[in-house]
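**Q** Letter by letter, the chains look like this.
There are 6 protein chains.
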Amino acid sequence: MQDISAIDKASILVEALPYIKRFHGKTVVIKYGGNAMLSEELKEGVLKDVVLMQLVGMRPVLVHGGGPDINSVMEQMRMKVEFVNGQRVTDENVMEVVEMVLTGKVNSSIVKYINQNGGSAVGLSGADANLLLAHKQRARIPTPDGGQQMMDLGLVGEVESVNVDLLNSLLDQGYIPVISPVAVDRYGESLNVNADLVAGRVAAALQAEKLMLLTDVEGLYRNYNDKTSLISVLPARMVEGLKNQGVITGGMLPKVDCCVQAVKQGVGSVHILDGRVLHCILLEIFTKEGVGTMVINK
Amino acid sequence: MQDISAIDKASILVEALPYIKRFHGKTVVIKYGGNAMLSEELKEGVLKDVVLMQLVGMRPVLVHGGGPDINSVMEQMRMKVEFVNGQRVTDENVMEVVEMVLTGKVNSSIVKYINQNGGSAVGLSGADANLLLAHKQRARIPTPDGGQQMMDLGLVGEVESVNVDLLNSLLDQGYIPVISPVAVDRYGESLNVNADLVAGRVAAALQAEKLMLLTDVEGLYRNYNDKTSLISVLPARMVEGLKNQGVITGGMLPKVDCCVQAVKQGVGSVHILDGRVLHCILLEIFTKEGVGTMVINK
Amino acid sequence: MQDISAIDKASILVEALPYIKRFHGKTVVIKYGGNAMLSEELKEGVLKDVVLMQLVGMRPVLVHGGGPDINSVMEQMRMKVEFVNGQRVTDENVMEVVEMVLTGKVNSSIVKYINQNGGSAVGLSGADANLLLAHKQRARIPTPDGGQQMMDLGLVGEVESVNVDLLNSLLDQGYIPVISPVAVDRYGESLNVNADLVAGRVAAALQAEKLMLLTDVEGLYRNYNDKTSLISVLPARMVEGLKNQGVITGGMLPKVDCCVQAVKQGVGSVHILDGRVLHCILLEIFTKEGVGTMVINK
Amino acid sequence: MQDISAIDKASILVEALPYIKRFHGKTVVIKYGGNAMLSEELKEGVLKDVVLMQLVGMRPVLVHGGGPDINSVMEQMRMKVEFVNGQRVTDENVMEVVEMVLTGKVNSSIVKYINQNGGSAVGLSGADANLLLAHKQRARIPTPDGGQQMMDLGLVGEVESVNVDLLNSLLDQGYIPVISPVAVDRYGESLNVNADLVAGRVAAALQAEKLMLLTDVEGLYRNYNDKTSLISVLPARMVEGLKNQGVITGGMLPKVDCCVQAVKQGVGSVHILDGRVLHCILLEIFTKEGVGTMVINK
Amino acid sequence: MQDISAIDKASILVEALPYIKRFHGKTVVIKYGGNAMLSEELKEGVLKDVVLMQLVGMRPVLVHGGGPDINSVMEQMRMKVEFVNGQRVTDENVMEVVEMVLTGKVNSSIVKYINQNGGSAVGLSGADANLLLAHKQRARIPTPDGGQQMMDLGLVGEVESVNVDLLNSLLDQGYIPVISPVAVDRYGESLNVNADLVAGRVAAALQAEKLMLLTDVEGLYRNYNDKTSLISVLPARMVEGLKNQGVITGGMLPKVDCCVQAVKQGVGSVHILDGRVLHCILLEIFTKEGVGTMVINK
Amino acid sequence: MQDISAIDKASILVEALPYIKRFHGKTVVIKYGGNAMLSEELKEGVLKDVVLMQLVGMRPVLVHGGGPDINSVMEQMRMKVEFVNGQRVTDENVMEVVEMVLTGKVNSSIVKYINQNGGSAVGLSGADANLLLAHKQRARIPTPDGGQQMMDLGLVGEVESVNVDLLNSLLDQGYIPVISPVAVDRYGESLNVNADLVAGRVAAALQAEKLMLLTDVEGLYRNYNDKTSLISVLPARMVEGLKNQGVITGGMLPKVDCCVQAVKQGVGSVHILDGRVLHCILLEIFTKEGVGTMVINK
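Chains as they are written, first to last, in our numbering: chain A, 1 to 298; chain B, 1 to 298; chain C, 1 to 298; chain D, 1 to 298; chain E, 1 to 298; chain F, 1 to 298.
Since the hints were derived computationally from the structure, they do not count as laboratory data. A few of these clues could be false.
Since the list gives no way to pick one copy over another, a pair counts as held whenever it fits inside one copy or between any two copies.
[Claimed, not checked] Below, simulated DSS-like cross-link-like pairs (lysine-lysine); rule was C-alpha separation at most 30 Å, straight line:
hint : residue 1 : residue 2
1    : Lys136    : Lys43
2    : Lys288    : Lys80
3    : Lys227    : Lys43
4    : Lys80     : Lys298
5    : Lys136    : Lys298
6    : Lys227    : Lys298
7    : Lys136    : Lys21
8    : Lys21     : Lys288
9    : Lys80     : Lys264
10   : Lys227    : Lys21
11   : Lys288    : Lys43
Chain A on its own, in the form it takes in the complex:
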């Protein structure tokens, strides 16, 4: 940081006033994943942002991912890591490791980090008080001919309902819920669920003001090669067209679908942010222009 005088620092705090006021008491769900979880500096940035949000009166909720850790433990255990079109093939043995790593390692580590930095977090998995109730679901896999095929990848699920009572009571008491994306079905079986989709469902269930997806891209580009073509605001009704034009493709497709679904279910706005940028969350909330791409229900 450049050298900034105390007076200027005070002015910057005062500049934040209208944003603090506007988001006071508002719920913000953050999907925390990708590179932002790998660098210590970025991790520190994200989690301090979350603590600040809570201290100035917002109600942040974290949903985390955790792919790399799962693979490394599986490898250590000599288990075969298998993906089909980016989705993990999950039998019972794999599911046990997924749950163990996400809930017992990644989640715990985030909780401890927040608590070390002035916040107070409580880790949750979808099993806690049936927080994330899901059912098994076959995956939608693209075929070479451009069509789609339903495929059984094992213990993979889709969230049906979210226990908002537990979340709201923790938020009311000043705790930051940190959610591991492991759901449970009606028979008590654990299911692997996509963290983006969990974040979307949680945000919808809480009728959150904002959902923020931390990704490894700057946002959505009209033309991926032209860095000046970033789409700042994306009305949901324009998404279908952009898909047809080939602007939204590949891994962005499910992410954008998740955004659209969330705003249609009542989330104020969804933000695709670049988790590789330090303090990207605060930048979105506390600056006039915002950063990344904002999806709104229009």
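Using the hints provided, position chains B, C, D, E and F relative to the given structure of chain A.
**A** Leaving out everything else, chains B, C, D, E and F in the frame of chain A:
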């Protein structure tokens, strides 16, 4: 302000984290007077600082002075303005003007300013729900021979009790109480009271974390002519000595006595701040070193 | 008072039972102005009535006027007092005096009187927590040919909204709100507002059981010269006809319009009372017949 | 009642202000028995007084007696009515009738009367939620030689504890508890208890402001034949002396002992009132001098 | 009871889990009358069942009958006991005895029994806080020719409204309300009301999960002589047909009408149980099959 | 289970009444470990017992162990499993696996099982809201000569404080907290802690009524070979003597020390139960004699 990048702004917000956390839910009483009331820029600085304090979870209470306005209205009304040793001679007619100006003009103006800037203030005078109950008191006036003389300056009073119920209920509902230093005695008669002393009594009654007196000096100097001799921390037990050494004299005497009494009655610390410095309140709260002179109960 | 035995006194208290029961917990807004503010005996009568109302479980709210005091201070300050058709011409200098006198003198005096007589009052102006939010409005002035003309009288406003949260929280805690008819616009500028209209808006916002306007007449007469023609109950739907018949004219026109608007917005009944009659408020509430003219929504 | 003008009636209400204020929220226990239960006019007087007390914010609790009704039902059932020294001999059959009459007839009748007159009463016996838990006790009977003898009169008990939770919750919800003096022991057996003593224990358990015993005498006289010798205020410490002087004798002895015990256990004051005087309760509360004899803890 | 091992006992408790869970927080109204009130063993069974219901989190409310006790006291008082078609002829003298016995004897006895067995009951009659407000009603008496005739049986009433506030507040505090079927009309006069109908109205007013009528039959039989023809579940829409077929006749007619009305007004189900079977309430609630006849709104 | 009639089942439920009543609202902490975690039947027994406890109004808290699972995952990951005197040597790599298995596998599995069986559990580790704050501690290892030696086994800790706020708020909302025995130190580092000791500290912090340690022995024997010498009740003051006599030795030493410490810190009683007996928890609570050994503070 110099040109500061968005990232640096975010870092500055994050730097404030430990201070926000530390003062969350804490009551801070501010005596607002002197030059800080006269310049529009300083006024804006002080009142935005107060709004920020409230938004990040503190419970600020303002007590204001208002001398110059009283004199100007009195002059417009062709009334004689009379002071003995810095204290206003206050007969019934004068008291009526004092009350009218402090409560109906100065107080209203502060309330409106805060409400315009994102806060929510409620103006109070000592008469409201007997907020400041006082009794008449003769003034202590120094004699030429260095002694003291009790003198009746009219409707001048000393606060006996503070109705904390009213203050706490307004604070609990998120309002900033702005207090006009007009007290009322048991017979319903208004009394002129010193704003510093009111602030001290209010802070003690609320068991405030901090009392901040905005003055027109940088703080207390060990040697007034040596700007490097500012006393940063002044333990109450050392005050008597400094008086004897002639370090604390003149107008500073009652101010320092007020500070000592407040910390002895349970206020965490009292700060003599330079109201002529922009954002002096935030600087005190959000920087490691603090500014001005802090009196503590040691 | 004639000599009344203790037993008879007890019987009178018991006679009040059904009225106390009926109005328990009900909000009653009182516009206090005119002669009832000028005589010490009448003032004592009104304010003790208000304290009694509160003690037996009603929720009284006072809105006061204050014309004579404003004029006298303006004259003392050598300012020109100017009215057009009964409405004060209000430039910035005048507004400052209006606010100072209403909020800093008249309001304070009522608050102190109530607190001296067993009640607990809190004075408010429209600026407090934006209690009375208004916009500037040109006045409707009759022309010699019987028409109307819009005229700019300066900082004169019309109330848009009332912050009932502040009023209800004070009432819930057992305080009597005393409201000075100075409103504030969205830019923080003070506006002079008619006290009758303020009382009407406050009563409507609180969905009051009763609004009582203390005036200097016995009520509305069908024939002003025939003292037996007092209209006890006036259904709102009959007002238009009475205007056309010339029964309601002059200064009574805006007052009756205010009454009609209040009952149409949900106030139970509006009472035009003779503030020159001692205890006129209690007489209206605690006697079978009531006094003055009652406007109802029929 | 003499002819009293409306204005005078209003003045009388206003005169009651300081008393209403003083007793607001205070608990007053009334032992209702004797002649005040027999005349319709007196009954109406007492119960309307109680309703008024509640409406102006006091918390009245009624404990009733009921001797004559018991005797008349017993006679109708051809049962032998037997007293030893004023205390009923109570076997199981008698107890059943006592309970049936007190709880099913006298209590119900009072409850209905209060509910008809604007109050809201709930009848209770000592069995409800073990309101009055007692143990069997032999009676203390005077012998001809001036001594005392313990005598088993059957199912006669002494109250050990009072379930104040039930009473306070009913009072908090605005109900007037009406208590039938039938207690219950640890084995679920009903016991006949003296209504004065029940009222004393209830008042002590509730830490009542006042206990009022409605009797058939004007109060306590220093010399019973001299109507000017009524004792207005009787400090508890003087009772022993008055017993020795023969001023307190016979049926007054247990009543005065009950008063002394109540004030010693924290009841503010106990009043021996003449239940034959219309509105004796209001006269005591709302007049400066009070009536009857007041026992205080001095 | 046969000899059952501790382990088996524990298993039985665990078996009750799903039923405890299902009825947690649910209101169940029980009409307690007939033989179940006469045998000590059955009484103990019923009331212990009720206490258990409360302890495991249900909200039981009891409405009792009491015919035999009334007759026996009336006979002891040499009063004429007169019935027309099973309904008591009730003049003022009879009503006084009915109230005295039901409220002062039967109700008290149940309250004491519950309190002795680990529960906490509060006895209520319809007069308490106007719990059961009724109006006088002529009885519907069958004529020899199969028609009906309206007949004035005196102080007999029909319930109009139930004060659920009082019941809910007692239930919320963990008390079991025990209701004596004596209602009160708008003039404060007591009226005799049918206990089945009171239970039905109370259950409807509380929107109870279940209403249980304890009778002296096993339930409703399709063919009374064929013990295998018990109707387990009776949809309300089939009642009319069964009446026409002569399956429901005589004393069962009003009982079944009461059941139908209750389920139509929102009670979950109504159960006609055999009060002569020990623990019939628990058997209904805690066994898969249930016992007796259940009327449902289908 | 033998064939038991419905009536007998109802009687058994009723027999439980006094125990349900006695423990209503009481907190019971259960250390769940050993064989009771290995057999499916026993697991079902323990967890259904816990659900029943909650449904009948108790506040159960579970602390679990989990040794075998840790070893098996470590072995699968080719890590060396090392114990010194029964305590695990825990370096950073081991700690990561311990946390992952206990929190992400064992804890989750218990939570899911409870939720499947009618309860509502929330899994917690010591990191959540700093539930278990600990510091690193060297282990006390016996030396061959009968002395003791302090030994550094790595990341092994001792609990300093328990965040009862989080536990109480979950209990108040009807959740069963399931605690994984992983603590966290002031620097955010995870520490391995003994589950018995965690259960003891949690029970003390909650001032629990009972602490139950599920073990693989019937209880404490005076003479281990004589099965009739089971000690039912063990006053804490006698423990020292029994140690000296060699009655308490080996693995029982730390367990009994933990019991003694818990009762000395305010836990009502501590029970050493045989987790191999089906429904051992219910047997302890719902039978007169209790099972196992109960340590009390006498």
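**Q** Does each hint fit the structure? Answer for all of them.
**A** Structure-based check of each hint:
Proximity of Lys136 and Lys43 under a CA criterion of 30 Å is satisfied inter-copy only: 26 Å between copies versus 32 Å inside one chain copy. In the homo-oligomer, the alpha carbons of Lys288 and Lys80 never lie at most 30 Å apart, since the shortest distance is 48 Å inside one protomer and 48 Å across protomers. Taking the closest pair of Cα atoms, Lys227 and Lys43 come within 30 Å of each other only inside a single copy of the chain (26 Å); across copies the shortest separation is 44 Å, beyond that limit. For a Cα distance limit of 30 Å, the shortest separation of Lys80 from Lys298 qualifies neither inside one copy, at 45 Å, nor across copies, at 57 Å.
Taking the shortest Cα distances, Lys136 and Lys298 never come within 30 Å of each other, neither inside one copy (32 Å) nor across copies (35 Å). In this homomeric assembly, Lys227 and Lys298 come within 30 Å of each other (Cα to Cα) only inside a single copy, at 25 Å, whereas the closest approach across copies is 61 Å. Proximity of Lys136 to Lys21 under the C-alpha cut-off of 30 Å is restricted to the inter-copy arrangement: shortest distance 27 Å between copies versus 42 Å within a copy. With identical chains, the CA atoms of Lys21 and Lys288 are at most 30 Å apart both within one copy (14 Å) and between copies (25 Å).
Proximity of Lys80 and Lys264 under a CA criterion of 30 Å is satisfied in neither setting, with 39 Å inside one chain copy and 53 Å between copies. For a Cα distance limit of 30 Å, the shortest separation of Lys227 from Lys21 qualifies neither inside one copy, at 33 Å, nor across copies, at 39 Å. For the identical chains of this complex, Lys288 and Lys43 are neighbours both inside a copy (24 Å) and across copies (25 Å), given an alpha-carbon limit of 30 Å.
Hints 2, 4, 5, 9, 10 from the earlier list are contradicted by this structure; the remaining hints agree with it.
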